[in-house]
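All chains should be built: construct the whole structure from the sequences, respecting the hints.
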Amino acid sequence: MPDTLVSAVPRHLFIPDIAMVGAVVDDPDSWIDRTADPDRWWQAVNDDRAIVTQLNDGAVDLADKTGADPAALPTCSCSAPSLVERMLGLLDVERGHKVLEVGTGTGWTAGLLAALGADVVTVEIDAALAAQARADLTSAGLSPTVVVADGAHGYTPAAPYDRVHVTCGVATVPYAWVEQTRPGGVIVAPWTPGWTTGHMVRLTVTADQTASGPILGRCAFMLMRDQRPPMTPLTGEPRETRTCLDPRELAAAGDGLAVAIAGLVPGVSGGGFTNADGTYRLGARQGDSHALVVASPGRPGAEVAQSGPRNLWDEIATAYHRWVAWGRPGKSRFGLSVTPHGTHVWLDRPVHEL
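Using the working numbering, the first residue of the sequence shown is number 21, and each one after it goes up by one.
Each hint can be trusted.
Once the Cα atoms are required to be at most 20 Å apart in a straight line, the calculated EDC-like pairs of lysine to aspartate or glutamate come out as:
hint, residue 1, residue 2
1, K85, D53
2, K351, E373
3, K85, D46
4, K85, D37
5, K351, E269
6, K118, D170
7, K85, D57
8, K118, E199
9, K85, D49
10, K351, D368
11, K85, D47
12, K351, D275
13, K118, E105
14, K85, D59
15, K118, D139
FYI, nobody ran anything at the bench for these hints, they're computed from the structure.
Structural data, given as structure tokens:
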């Protein structure tokens, strides 16, 4: 892949005049405005950082930045150039390859794929985003096929594909992508199981219509719309106990443990953080089950509060002890497989599913 790949298609053509470069909606410093401050807008476009281009699936007017809901969620962005280059490097696209892109977004990465000489079909569930991307791609002199559809189903009319490029996080990899990829083809996707962080995966499709590959570096992507977990209200009194397993040990263990927990406690989301007073808080959630574990500085163990039908902390602690029994494997020893029966985490070899 040439070093100049991400400069092959001008990024500025795909960035709206008003957008966000920070995470806090009601912070004026999070916003860029090409008319009000063109120098800052251009600096953001040229920086190696993500730029948020949509909030709340388009329900928030970016032009009303001073009145935007502080709780609004980013739902589309133009990824940081270094991350785009890393993903396209993993994809290893050759001229003439047929590529399915899931999540058109701004259209910039579809344009980069087209500039590589690929035959690109890019699928976007949001009709307004698709229309804007199509217009911006035309302005750039590029013409990948832009389809308004649910990317979770792939796009059968143009299958089979040599490559599948996924620009949204997925907790489970839709099997349709495997079915629509030829044997030897590659799927690059941000696997986002919900526990602490996301991870890039590079899956190779085999003749038996399964896919498998390593779990690679960290990444952060917005979840595919139909995989966003519902926010179920918490009910019932929490069950309070104390644990001798310090949750700070989990935080210090690294991504190998994070992947093991994601594989052994599928669907669980959460993570931990340290307050200003030194108290460490770990939260976990899955459906209507919730756990909160609080460790105080200078004191071993932690207080535990669990609610809902499952004792999530107990399940996470069990996963931790299994990971320790395996010899504390790092992330490089784990991989992901996709079959008609679902998405599976494995250790060392695909036959060793967790």
